[in-house]
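Novice: Listed below are the residues making up each chain.
Protein chains: 2
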Amino acid sequence: MLEELEKEQEQQDEGLDYDTIVEKQTDRLAELLDRRDMKELQRRMEELNEFDVAEFLSEIDDNRMPMVFRLLSKETAADVFANFDPPEQERIINAITDSELAGIIDELYVDDAVDIVGELPANVVKRVMRAATPQTRNLINQYLRYPENSAGSIMTAEFVDLKKYMSVKESIARIRRIGEDRETIYVCFVISADRKLEGIVTVKDLLLADDDTIIEDLMDRNVIFASTTEDQESVSEKFADYDLMALPVVDNEGRLVGIVTVDDVMDVMEQEATEDIEKLAGMLPSDKPYSRTSIIEIWKNRIPWLMFLMLSATFTSMILTSFEDMLAVQAGLVAFIPMLMGTGGNSGAQASTAVIRALSLGDIEPKDALSVMWRELRVAFLCGLALAMVNFVKMLVLDGMILHNDAVTVQVAATVSSSILFIVLFAKSVGALLPILAEKIGVDPAVMANPLISTVTDAVSLLIYIYVAKLILHI
Amino acid sequence: MLEELEKEQEQQDEGLDYDTIVEKQTDRLAELLDRRDMKELQRRMEELNEFDVAEFLSEIDDNRMPMVFRLLSKETAADVFANFDPPEQERIINAITDSELAGIIDELYVDDAVDIVGELPANVVKRVMRAATPQTRNLINQYLRYPENSAGSIMTAEFVDLKKYMSVKESIARIRRIGEDRETIYVCFVISADRKLEGIVTVKDLLLADDDTIIEDLMDRNVIFASTTEDQESVSEKFADYDLMALPVVDNEGRLVGIVTVDDVMDVMEQEATEDIEKLAGMLPSDKPYSRTSIIEIWKNRIPWLMFLMLSATFTSMILTSFEDMLAVQAGLVAFIPMLMGTGGNSGAQASTAVIRALSLGDIEPKDALSVMWRELRVAFLCGLALAMVNFVKMLVLDGMILHNDAVTVQVAATVSSSILFIVLFAKSVGALLPILAEKIGVDPAVMANPLISTVTDAVSLLIYIYVAKLILHI
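Note that the protein sequences, when read in sequence, are chains A and B. Residues 1 to 475 (this note's numbering) make up the first sequence, in order. Residues 1001 to 1475 (this note's numbering) make up the second sequence, in order.
If we strip away everything but chain A, and leave its shape as in the complex, we get:
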């Protein structure tokens, strides 16, 4: 009867997209929990993907959550645990016994265990480390010593190693024996007696070869690898360039110490993109999701740039002060300053953002500085011209004729419009050049954040406006 029910279920599900199916499954779990049908709840949770189970558990109330979590089998429990956010992990750790905790820690891959330990409060970490076997504890401690964001800090120890004198048959037998708890079995690593990496062989190679082929004749010696201290950004570039599934990580002596798998690299890519976006908006990068960063930390990430930019605006104030009398001679000029500065800032930010992203994707290099400048100048000319023309008409028609602003004469409109052209030309050049310069001297180009470019163009926009006004209005 159960099977019939399931058949019916499947027929109902047909044609739905996956998200809707998961939603329905989760609703059914909630229903079972309300009815206290724990046996069926247990059965259904084991069938679901561990990510969806983790999501379901995060949604139910804090009192019942650990109780439902304990229904899971040891293997599923560890997988679900790895998918939790730190607050849920902490709640679980506080609710289960030492031996249950030991079971979970034992089932986790080292890289997940290291992640968890890195994010939990010290007293919880102490309990986790006490519960781990001495071997796991040593491994976690060793991994925690690698620099943050290095290949060493994101690698894991659970890989399949082979020897070059093994046959394909022996290799497959070894995979069958030890493969169960390895993070990937599809790429196997051929190492020498002193653990030096000699080659890689994929399960595809093994399956397509004859049983008695020797690994040495099958393996790829041209192995792409990373060093333990290499930056994770460089690791993720290797995955993208070479379409890898797993990347071996070696120490100074060329000994294989771990592997990075593609699922970890996807997290790295997300993290690196977030960092770039934060830097572009004038924030220090945070290592935690927004919703879990404390107010003080957010403040610490945001105040340095705000403070620096506020103080740098002193130059703009000084320019305005010294030309105050001159600007006052021709009524109406002051009113267009914010528009000019805004247009300069926006134009510069567009150029710098495009160049910073192109640099970070390897699309352009510092040696392309001249050709980038030439592109940006042409784009700036086209943008500036279009903006200047529209502004000229707009000032005469809207400000002059419709709003009856007597200060807006043809000369004033010409002054503001030609200033726009020069300001856009300047802003786009600076926006393109500063990031390339930064890259050239080895500074992260994203530090040339849009707010910084805006502050530079603010001051220069004002000067351009003042000199154009002198020229056209003879003031």
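Possibly wrong hints are sitting among the right ones.
If you only want the chain B side, here are some residues facing chain A, beta carbon under 7 Å, derived [to be verified]:
id, residue
1, F1225
2, T1229
3, A1240
4, V1262
5, A1281
6, W1299
7, L1306
Now the in silico label distances, taken between C-beta atoms and shown as ranges [unchecked claim]:
id, chain 1, residue 1, chain 2, residue 2, range
8, A, R137, B, F1381, 41 to 51 Å
9, B, L1284, A, D161, 46 to 56 Å
10, B, G1103, A, E253, 35 to 45 Å
Just so you know, the hints here were simulated from the structure itself, not pulled from any lab data. Every residue gets a Cβ at the ideal spot worked out from N, C-alpha and C, and that includes glycine.
Starting from the structure of chain A, add chain B where the hints point.
Specialist: Quick look at chain B alone, frame taken from chain A:
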């Protein structure tokens, strides 16, 4: 002797990082090319990774490049070709014979062929399509019909399909037979007679099971899948959430039509991050790398926002115009307007960027609006207070005492400083709220770009400044 040389080579390479090794190998290739030692060049290129060969070929001059490319074996040639940028692909297509071209197209995975056809000029595409077999041509045409950025447009047709009544032994035999040219063999898809997706089974499952286990008993029925029209961003979220290697794509009737592999998803992630970054800087997203986008296209992507923002600045101008007389009463007030607007814009951009990124990563949802506002208000208070205090001291000491700006009295400093506090409070609230509002009404939050937030805060900052001045200075 050759082997001895290689041994020596390997010893020299020991301890170097991978990038340096590749550089040395490429230098050696260039040397061989200069010496015209084509046989050794050919041998060494076959040994290298196809991405590195593509990089090497892109660097050598246009005349010799097609000639060197033709040294490659058919399989390597196709792999290298898929790694080229469109300009190199075009050059190769123009230099090789129809039958060589047919050979390459035949070896390509459909998704790569579709990508290539999508990026080449029409006349080159014609030649490619003529060279392809009718079957490949139909497949390419069918794939080209899926909407841009849909799961259908990034999927490929080369997967391993199994039937549920097969045994593990039969399945492995099938993989061995057809696996050679499949994009992945590690995830196999179990389909019914009418091609409906019934389950998946991994090679790991197969290897760890007994030879005579039936696939039906082994397969995972709880399959995560995508629909052909599903957005690629949702596809990449599934990979990140569920740590997938491959995702099946089904049509409306639940029939399996293709798969998306993890290497394609990494490109999607990069592309989506670039789009978000572009939108945040007030640009329309471009679908090509910066260096290959024409000046006119760049202009088209940038001018809409610049134009809109320039015109919206009219409000700020109008406010300034109507309060011009009032601001003129107290000398020195105008000089601080750019700083106040800048601080408002930067504070707002920080908040909106943080919130937009958190929304796009699923860290917060529209229903969290109130708690996000409460966080941002507290952060804004801390930031505003720090900025106001520093500004107060700076104005009295630097502007007043050092630069002898007589206009800067204690009252003026108090006016500017308290304005900062209110402006930051307003800017951060708007910056946090607008993206959430956008998400709520189903608009991409990244459209609430920083430039837009800046323009809104510009006008309000000015009003805040004017009212605070009225209050404190009684003007």
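Novice: With reference to the structure, classify each hint as holding or not holding.
Specialist: Status of the hints after comparison with the structure:
For B:F1225, the shortest C-beta to C-beta distance to chain A is roughly 5 Å, which falls under 7 Å, so the interface hint holds. Because the beta carbon of B:T1229 sits about 10 Å from the nearest beta carbon in chain A, more than 7 Å, this interface hint is broken. About 5 Å separates the beta-carbon of B:A1240 from the nearest beta-carbon of chain A, less than 7 Å, and the hint is met. For B:V1262, the interface hint holds, since its Cβ comes within 7 Å of a Cβ in chain A; the closest pair sits about 5 Å apart.
Checking B:A1281 against chain A: minimum C-beta separation of about 4 Å stays under 7 Å; hint holds. Using the Cβ-Cβ criterion of 7 Å, the hint placing B:W1299 at the interface with chain A is satisfied: the shortest such distance is roughly 4 Å. Here the hint on B:L1306 is kept, as its CB sits about 6 Å from the closest CB of chain A, short of 7 Å. Between A:R137 and B:F1381 the CB atoms are about 44 Å apart, so this pair conforms to the stated range of 41 to 51 Å.
Range check, B:L1284 to A:D161: about 50 Å between beta-carbon atoms, so the 46 to 56 Å window is met. Separated by about 44 Å at the C-beta atoms, B:G1103 and A:E253 satisfy the suggested range of 35 to 45 Å.
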